[in-house]
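Undergrad: Could you put the whole structure together from the sequences, leaning on the hints where they help?
Protein sequences appear in the order of chains A and B. Quick note: the first sequence uses the working numbering, first residue 66, plus one each step. Quick note: the second sequence uses the working numbering, first residue 83, plus one each step.
One or more of the hints may lead you astray.
Pair ranges (Cβ atoms, derived) [claimed, not checked]: (1) N89(A) x D139(B): 43 to 51 angstroms; (2) P97(B) x K142(A): 18 to 26 angstroms; (3) E137(A) x P146(B): 40 to 48 angstroms; (4) I141(A) x T151(B): 33 to 41 angstroms; (5) N100(A) x Y100(B): 18 to 26 angstroms; (6) R147(B) x T135(A): 43 to 51 angstroms; (7) N145(B) x K134(A): 40 to 48 angstroms; (8) E150(B) x N100(A): 46 to 54 angstroms.
Computed footprint of chain A on chain B, listed as stretches where at least three residues anywhere in the stretch have a Cβ under 8 angstroms from a Cβ of chain A [stated by the list, open to error]: (9) 91-98; (10) 114-122; (11) 142-149; (12) 153-160; (13) 163-172.
Selected chain A positions facing chain B (in silico; Cβ < 7 angstroms) [stated by the list, open to error]: (14) V80; (15) T105; (16) T107; (17) K113; (18) F117; (19) S121; (20) K125; (21) T129; (22) I141; (23) R144.
Quick caveat, the hints were computed from the structure, so don't treat them as lab data. Just so it is clear, CB atoms sit at the ideal spot from N, CA and C, and this is done for glycine as well.
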Amino acid sequence: MAGTTVTRAQLSESVYQEVGLSRNESAELVENVLNEIADTLTRGETVKISSFGSFSVRQKGERTGRNPKTGEEVPIKPRRVLVFRASNVLKSRINGGEDSAFADKGAPPSP
Amino acid sequence: MTKSELILRLAEKNPHLYQRDVERIVSTIFEEISAALARGDRVELRGFGAFSVKTRDARTGRNPRTGETVHVAEKSVPFFKVGKDLRVRLNDEHQQG
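TA: So, in C-alpha cells, the structure goes:
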C-alpha cells in the first residue's frame with residue numbers, strides 16, 4: 066500500500082513550482098483557497114469544483130442517540146454536516162483512468 | 083460557488099496577482115489532491131478536512147431493469163472527512179436554525 070500523506074506543505078510546494086511566487090506567498094495562497102471554501106460553506110452555500118467534486122452543507126434534525134458504553138439515551142441536537150461528492154472524473158481517475166469504469170479487472174496496478 | 087467564482091473572489095482579494103496566476107494556483111491545488119488520491123495517498127489539511135480512498139469489495143449486483151445478475155469488481159472510492167475546526171464553525175456561526 067502507498068500510505069503517504071500529503072499535507073499543506075506539498076500543496077504549497079507544487080504551487081511554488083507551478084506559479085513562481087515565493088514559498089511564503091504560495092503557502093499563504095493555499096491557505097486563502099481553503100479559507101475561501103470554508104467561509105462559503107459556513108454561509109451554507111455549496112462549493113462546486115468541476116472535475117473534482119462538490120462540497121455541500123446538510124441540515125440534520127434532532128434525534129435520540131445512545132451512549133454505546135453505558136446504554137444511556139442522549140439527545141443529539143440539530144446540526145449541520147459537510148458532505149463531499151466526488152465528480153465522476155475523480156472517481157474514474159482513482160480507479161485507473163477513463164476506461165476502467167467498465168473494465169472488470171482485479172486490484173488496480175500498484176506503482 | 084463554482085471554481086470560476088472561487089477564482090474571481092480570490093483575484094479580488096489578491097489584486098497584486100494576475101487572474102491567470104490565481105487560476106493556476108486553484109487548479110494546481112485540486113490537481114495535486116486528485117493525483118495523490120489516484121496514487122492511493124491520503125491528503126490531510128488540518129482544520130479543513132482529510133481526503134482518502136476507501137476500497138469497496140467486489141459484489142454481485144443486479145441490473146434493475148432486466149433483473150440480470152452482474153459481477154461488480156472491487157473498486158476504490160474517494161472519501162472526505164471534515165476537519166474539527168470547520169465542523170465546529172459550521173455549527174457555531176449559524177445559530178439562526
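Undergrad: Taking the hints in turn, state whether each one holds.
TA: Now the hints, each set against the structure:
Look at N89(A) against D139(B): about 45 angstroms separates their beta carbons, and that is inside 43 to 51 angstroms. Separated by about 42 angstroms at the C-beta atoms, P97(B) and K142(A) break the suggested range of 18 to 26 angstroms. Range check, E137(A) to P146(B): about 42 angstroms between beta-carbon atoms, so the 40 to 48 angstroms window is met. Distance hint check: the CB atoms of I141(A) and T151(B) are about 39 angstroms apart, consistent with the given range 33 to 41 angstroms.
Here the CB-CB span from N100(A) to Y100(B) is close to 21 angstroms, well matched to the stated 18 to 26 angstroms. Between R147(B) and T135(A) the Cβ separation comes to about 48 angstroms, which falls inside the hinted range of 43 to 51 angstroms. For the hinted restraint 40 to 48 angstroms between N145(B) and K134(A), the CB-CB distance of approximately 44 angstroms keeps it satisfied. For the pair E150(B) and N100(A), the supplied restraint of 46 to 54 angstroms holds, since their beta-carbon distance comes to about 49 angstroms.
By the rule of at least three residues with a Cβ nearer than 8 angstroms to a Cβ of chain A, the coverage given for the region 91-98 of chain B holds, with 4 such residues. With 8 residues having a beta carbon nearer than 8 angstroms to a beta carbon of chain A, the region 114-122 of chain B meets the requirement of three or more and the stated coverage holds. By the rule of at least three residues with a Cβ nearer than 8 angstroms to a Cβ of chain A, the coverage given for the region 142-149 of chain B is violated, with 0 such residues. As drawn, the region 153-160 of chain B meets chain A at 7 residues by the rule of a beta-carbon pair under 8 angstroms; at three or more, the given contact holds.
Evaluation of the coverage hint for the region 163-172 of chain B: fulfilled, as 5 residues show C-beta separations to chain A shorter than 8 angstroms, against a requirement of three. The beta carbon of V80(A) comes within 5 angstroms of a beta carbon in chain B, closer than 7 angstroms, and the hint placing it at the interface holds. With a least beta-carbon distance of about 5 angstroms to chain B, the hint placing T105(A) at the interface is held under the 7 angstroms criterion. Given the 7 angstroms rule on beta carbons, the hint for T107(A) holds: about 5 angstroms separates it from the nearest Cβ of chain B.
Checking K113(A) against chain B: minimum C-beta separation of about 5 angstroms stays under 7 angstroms; hint holds. Interface restraint check for F117(A): the shortest CB-CB distance to chain B comes to about 5 angstroms, inside 7 angstroms, so the restraint holds. The interface hint given for S121(A) is violated, since its Cβ lies 11 angstroms from the closest Cβ of chain B, which is over the 7 angstroms cut-off. The beta carbon of K125(A) is not positioned within 7 angstroms of any beta carbon in chain B (closest approach about 10 angstroms), and the interface hint is therefore violated.
With a cut of 7 angstroms, the hint placing T129(A) at the interface with chain B is violated, because the nearest CB-to-CB distance is about 19 angstroms. Interface restraint check: I141(A) against chain B, minimum CB-CB distance 12 angstroms, threshold 7 angstroms, status violated. Because the beta carbon of R144(A) sits about 5 angstroms from the nearest beta carbon in chain B, less than 7 angstroms, this interface hint is met.
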